[in-house]
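Take the given structure of chain S and dock chain H to it, following the hints.
These are the residues of each chain, in order.
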Amino acid sequence: MSVGIIGTKLGMTQIFDRETGAAIPVTVVQAGPCIITQIKTKETDGYNSVQIGYKEVKEKALTKPELGHLSKSGASPLRHLKEYRLEDLSSFELGQSIKADLFSAGEIVDVTGTSIGRGFTGYQKRHNFKRGSMSHGSKNHRLPGSTGAGTTPGRVYPGKKMAGRYGGTRVTIRKLEVVQVDTEQNLLLIKGAVPGKPGSLLSIAPSNIVGKK
Amino acid sequence: MNAEAIIRSVEAEHLKQDIPKIHVGDSVEVGVRIKEGNKERVQPYRGTVIAMRNGGINETITVRRIFQGVGVERVFLVHSPIVAHIKIERRGRVRRAKLYYLRDRVGKATRVKQRFDRPI
Chain S
508 MSVGIIGTKL GMTQIFDRET GAAIPVTVVQ AGPCIITQIK TKETDGYNSV
558 QIGYKEVKEK ALTKPELGHL SKSGASPLRH LKEYRLEDLS SFELGQSIKA
608 DLFSAGEIVD VTGTSIGRGF TGYQKRHNFK RGSMSHGSKN HRLPGSTGAG
658 TTPGRVYPGK KMAGRYGGTR VTIRKLEVVQ VDTEQNLLLI KGAVPGKPGS
708 LLSIAPSNIV GKK
Chain H
103 MNAEAIIRSV EAEHLKQDIP KIHVGDSVEV GVRIKEGNKE RVQPYRGTVI
153 AMRNGGINET ITVRRIFQGV GVERVFLVHS PIVAHIKIER RGRVRRAKLY
203 YLRDRVGKAT RVKQRFDRPI
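Chains as they are written, first to last, in the numbering used here: chain S, 508 to 720; chain H, 103 to 222.
Source of the hints: derived by calculation from the structure; they are not laboratory data.
Hints should not be assumed to be uniformly reliable.
Cβ-Cβ distance ranges computed for the label pairs, FRET-style [what the hints assert, rightly or not]: (1) R638(S) with R143(H): 47 to 55 angstroms; (2) G518(S) with K215(H): 38 to 46 angstroms; (3) L650(S) with E138(H): 54 to 62 angstroms; (4) H643(S) with R195(H): 27 to 35 angstroms.
Source: prediction; values computed, not measured.
Don't be surprised by glycine CBs; every beta carbon is placed ideally from N, CA and C.
Here chain S stands alone, though its shape is the one from the complex (with noise of 0.2 angstroms):
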């Protein structure tokens, strides 16, 4: 793995491809700037891997461990901490800030994010099932129908698919294409959709492709 960026989703539009003409989709996301917080070895915690800060806030904001966790690092008070693990740490340093040019365009990323909350929902929203007849004297329009045998084994085996919170929950979508950057107001735009309404907290690393070094 490689070190990734935390940012937020801003909202999404279309650009055009200036040679095909093609229209692409794309979300617009503010990638950092983040700080490098702390700095974890093999040594003295078990694993190696580049704490990075994201999203400055108000000094009343955060509680005396965490303004005392970031003075370490010199960094000013932020909101969101998130760690990315790696092999080789040597090109890091406490204090160093990171970029949205940490990508260039073309490049293929995982996107992680809290999806859109949609509450408790039935069958058919949640696990795709499918509907009953609306008419023709039916009275199964959005009932799940059987779930399991009878007598044996007597009970619901768990796991079954039923209504109940859909949503809300850490997605990752992955191998998105970054189709421009823009270091000057750290933008990324990355194509197609990420989890999340517009303001949701990202972390955008590099796609971790199996096979791939």
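Relative to chain S, chain H alone:
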């Protein structure tokens, strides 16, 4: 800058500045860029604007014409590089925002009355 303003600034570099003011009912000529092999040329497509949708970079116009007795409708993204140019040929006088009723008409009835108070 808020999110809205940032997105507008991203779109700004893709917006065309030289688009004439288009209204529903106008007769237009749209220059469509076509690639044949490695040669590129502009093919004109003439017709009546029967609908306009969205705004900003997503703005589209639906252009209808009768071609060899068959009604053809094409939707163009106004700001797309595929659209080389848009020329207004005639301003039309209509009382609706969407002229879908033209689909049910043939021959002389598909004509839109010309208006002269708008400059081309």
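Evaluation of the provided hints:
1. R638(S) with R143(H): 47 to 55 angstroms: Holds - the Cβ-Cβ distance for R638(S) and R143(H), about 50 angstroms, lies within 47 to 55 angstroms.
2. G518(S) with K215(H): 38 to 46 angstroms: holds (42 angstroms)
3. L650(S) with E138(H): 54 to 62 angstroms: For L650(S) and E138(H) the Cβ distance comes to about 56 angstroms; the hint holds.
4. H643(S) with R195(H): 27 to 35 angstroms: violated (49 angstroms)
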